[in-house]
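Please model the entire structure based on the sequences and the hints provided.
Quick note, the sequences are listed as chains A and B, same order. In my numbering, each residue's number is its place in the first sequence (first place is 1) plus 27. In my numbering, each residue's number is its place in the second sequence (first place is 1) plus 331.
Everything labelled a hint here was simulated from the structure, so no lab data went into it. Note that the structure is predicted; figures quoted are calculated from it, not measured. There may be inaccurate statements among the hints.
Here are the simulated lysine to any residue pairs, SDA-like style, with alpha carbons at most 20 Å apart [what the hints assert, rightly or not]:
1) B:LYS395 x A:GLU416
2) A:LYS29 x B:TYR443
3) A:LYS31 x B:GLN470
4) A:LYS29 x B:ALA446
5) B:LYS422 x A:LEU407
6) A:LYS368 x A:PHE85
7) B:LYS421 x A:ARG410
8) B:LYS411 x A:ASN342
9) A:LYS408 x B:ARG785
10) A:LYS29 x B:LYS421
11) B:LYS792 x A:GLU416
12) A:LYS29 x B:GLN457
13) A:LYS398 x B:ARG785
14) A:LYS464 x B:LYS410
15) B:LYS437 x B:ASN764
16) B:LYS790 x A:SER400
17) A:LYS29 x B:LYS422
18) A:LYS467 x B:LYS410
Take a look at the letters that make up each chain.
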Amino acid sequence: MKVKTISRLESDYVATRSGDLNRMPRNADPALHPFERAREYTRALNATKLDKVFAKPFVRSLSGHSDGIYTMARSRTAVCDFVSGAGDGEIRYWDLSTGICKWAIPAHQGMVKGTGFAAGGDVIVSAGSDSTIKLWEAESSCNFAMGEVPEPLHTYVSKSPVLDMDCHWSEPMFATGGTSIDVWHHERSKPLQTMQWGLDTNGSIKFHPIEKHLLASTCDDRAIVLHDTRAGTPVRKVVLNMRSNCLSWNPMEAMNIVAANEDHNLYTFDIRKMDSAMNVHKDFVAAVMAVDFAPTGREFVAGSYDRTIRIFKYNAGHSREVYFNRRMQRIFSVQFSGDAKWVLSGSDEGNVRLWKANASDSVGTMLPREKRSKEYRDKLKERYAHMPEIRRIARHRSLPRAITKATRIKREIKDASKKREDNRRRHSKPGSVPFEKERKKKNCYNYGMIVRQNQECLSNCTTWGWLFCWRSSWNSDLVMLLWFTVLITYGLSI
Amino acid sequence: FIFNQNKWQNPCNPICRRAANRTSSIFFRVWSACSMDSSEPGQSDMPRSETASAGMKRKLDVEKFTRGSKISAKGVTDKKARTLIKKQEKKFRDAAMRAAKAEVLKTEDYGYLEADENERTVRFSQKQLHEHVDENTRQKMFSLNLPELGPYKMKYTRNGRHALLGGLMGHLAAFDWHQSELSFELQLRETLRDVTWLHDHTMLATAQRKHVYIYDSSGIEIHCLRNHIEVNKLDFLPYHFLLVSIGNAGVIKFQDTSTGDLVAEHKTKLGRCSVMRQNPHNAVMLTGHNNGVVNMWSPSMSTPLVRMLTHKGALTSLAIDNTGNYLVTSGVDKQMTIWDVRTFKPMHSYILKRPATDVDISQRGLLSVGFGTHVEVWKDALQTKVKEPYMSHHFSDGTHVSGIRFCPFEDVLGVGHSKGVDSIVIPGSGEANFDAMEANPFETNKQRREVEIRSLLEKLKPEMIGLNDFIATADRAPAEVIAEERRLAKEANSARKPVSCLDVISSYSL
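Structure follows, in structure tokens:
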């Protein structure tokens, strides 16, 4: 006979000497692993619950300012450097890792309207409503403890009150917005270029991080305007239904920009095709005051007048996270940190608050085993995210009653209009009331700019093309420009 | 000479077929020559070394790891959903391939017993086997002579490390049978009808004269479960931490041993029941009754999920294999029938000399039957009808078999009989390669504690027990049915008098 039986040596499996490991042999045969899905689901449920248990997003509050904070900027080269400007004209330079204020300078007579780090990270630019823009040394050798106040490296005087300021990403330049957009150079006391479209003030300015010659600004005529510093003129205008308060370029996708609007929404536009918003981000119940993209380009944070900040995924219609604090009042500026892990909010009660971008992440480095385990749990949560129990727990946020009530009212309004539309559809000829996609709804009007002086702009598109992209109305500006195109097609000069 | 590559790759091409009959080694070198009789096109593309080892290339059993058929993205109109489905299917396929490739890491081989030309394996006795096996296996063949305290039942823990024996007259003992270390031994001085291990070797449950008791690994009585009265059979669902009992009252009770709740009790209304077993694949409890009916129970439904008429007369024992495909039942009509549990259809039946006292199926699908003074082990008896058993073991002086269980991960069968307990070796019965994360026969104390905590955290809810794996699958019921169920649940939750959640659950149709 031939016989063989299972005969395992204990020494093969159990550690005999002190340095040995206990062997953990694996067998992937499904027969040895019953109830796979049920166990995975239970693990996903536990992971979701633990997330909620460990969700402690608020880290610290950077206090020191005595007036509301209306502008903040992070250094584009260092993660821990941060400057904030308040309504009483004071700017403070912070170290985010410790929360210590490195220095505080009473920079302006009026409100500080814009702050930023110049390219290189050594110089801080601040612009105030007293029409001045000042450059300060970041690592100032001044003795602040003794009460010394440093002198600005340079001061620029603008013709009109400055409403916002942004620094160029690579050149020693910055742009200010007021009645017109002025592009300044550090070495020149007068602006290099002045750009204007219409007579409306420009509220918020943002230089493009990738196409560094592009500049976007918001106008009081409810528009977002794109300017080109190479041409020295504005190029494109998108008019929305309500005014936009802030803009942010997607640092990873060069053509996308998100605008924080007064109508409680944020709109993402693709600048190549601006006839409708690419995405509408809804969740706020009051005007959205500030928005900033994460350096990864995958998320952005927005702060609103309703005292909350929300983190949205770049292509999602609703927020993935909402932070609020009883002490935090109306938020006027937000920033995403340079390592995409933290979020800063500046509100009008004078505090800058530091929050975690992912509420249940632990601070500090994770060991590799911990990291793998976390990756597994995250994947499980993603896989079972549609299950009702898990969805209910993951979605749950406790918010102030005002916000939940306002959200409920909004939903009722939306449901009512939807119901009305459904009724209309049911009682009309099938197909006569089409389904309108939220994003495709006409929420903006696109305008292109004809430049008489600069023929390069014209040659890139057909004149008929320009005509088609205009909205027909009896606005006098448009009529003039229409006349210009007609003349140009016929080769006549004016 | 230019030959059409496509022609060679077409298997129906007569030239290809002719070429396939020739050996590759002769024609490998002349493939580039202008000859119609060149070698197989596929092999001509392979490098030399690969053709030489082509014969040694093992066939990967990928289908075992695919867990179902492929989902096609055919009817899906949404582009994003379509790409998602395709990506996921590719991922699953890759994972199955990698799992199949990882099978080479398995170190142990399965056991086997092969007879020479004029011998039959059924004729081999344990004494003969004793001479041919190694020392390690010899130590696994032992016999405990315990003539006084009645017919014994032998149960193993999930990792096959510890054994528990319970004699009908009240003898209870637990020992680590690998090391031959006795954990504890008790004389209870009352009838002991059944014993079972709980999740670990640290806790066990006994069905004594009146109630069910839970003991510690050192023999200390921890709990007396007064809800369970005159219990005949006990079983433990390891992933749900449910202790299941059935007795003379014919009421099946599910007790959660982690929280101590009595989760469910269902009246079978078929009188005294002493045959009960769990389906290890889906945790459904099967009970065999005196009218030949097998019922399948889940804690969430007060009526059985399935009712099967299996025998003419009462059932004596039943067993289910660990993949949940085959059910073996035996009755007083001396028949032993094998059923396909998925379709509830009988496959084949065997006629025994006496009604079987106990039946068990090993991890590798070996079927053992204990009847009278014999134990027979049948190989490949589940899928096909086999002429004769694989092995058999006989007892002398009227010692009758009372309980048999295969030891997990070992080639061992524990036989409890009226004069004690025997451990016999059945080569090829156990799974050779265990998964240490599931059940580890060599676990240290630290590992045992970690596993206990982890399994408590991952404890499945009793509502998840059902015939099919329905977790995270789409609810196919019509919208009206779902709305009706939701309305009922809402009503029950807002009712004035306290209503147990099980009433709500039992109103659902599964």
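Hints versus structure:
1. B:LYS395 x A:GLU416: violated, 32 Å
2. A:LYS29 x B:TYR443: OK: LYS29 of chain A and TYR443 of chain B at ~8 Å, within 20 Å.
3. A:LYS31 x B:GLN470: Roughly 15 Å separates the two Cα atoms, so the pair holds.
4. A:LYS29 x B:ALA446: holds, 6 Å
5. B:LYS422 x A:LEU407: With a Cα-Cα distance of about 15 Å, the restraint between LYS422 of chain B and LEU407 of chain A holds, given a limit of 20 Å.
6. A:LYS368 x A:PHE85: Distance ~12 Å between LYS368 of chain A and PHE85 of chain A Cα, so the pair holds.
7. B:LYS421 x A:ARG410: holds, 16 Å
8. B:LYS411 x A:ASN342: The hint holds at about 13 Å.
9. A:LYS408 x B:ARG785: It holds: about 18 Å lies between the C-alpha atoms, which stays within 20 Å.
10. A:LYS29 x B:LYS421: violated, 44 Å
11. B:LYS792 x A:GLU416: This hinted pair holds, its Cα atoms lying about 13 Å apart.
12. A:LYS29 x B:GLN457: This hinted pair holds, its Cα atoms lying about 14 Å apart.
13. A:LYS398 x B:ARG785: holds, 18 Å
14. A:LYS464 x B:LYS410: Answer holds: LYS464 of chain A to LYS410 of chain B is near 16 Å, not above 20 Å.
15. B:LYS437 x B:ASN764: holds, 6 Å
16. B:LYS790 x A:SER400: holds, 19 Å
17. A:LYS29 x B:LYS422: Not satisfied, since the Cα-Cα distance of roughly 43 Å exceeds 20 Å.
18. A:LYS467 x B:LYS410: holds, 18 Å
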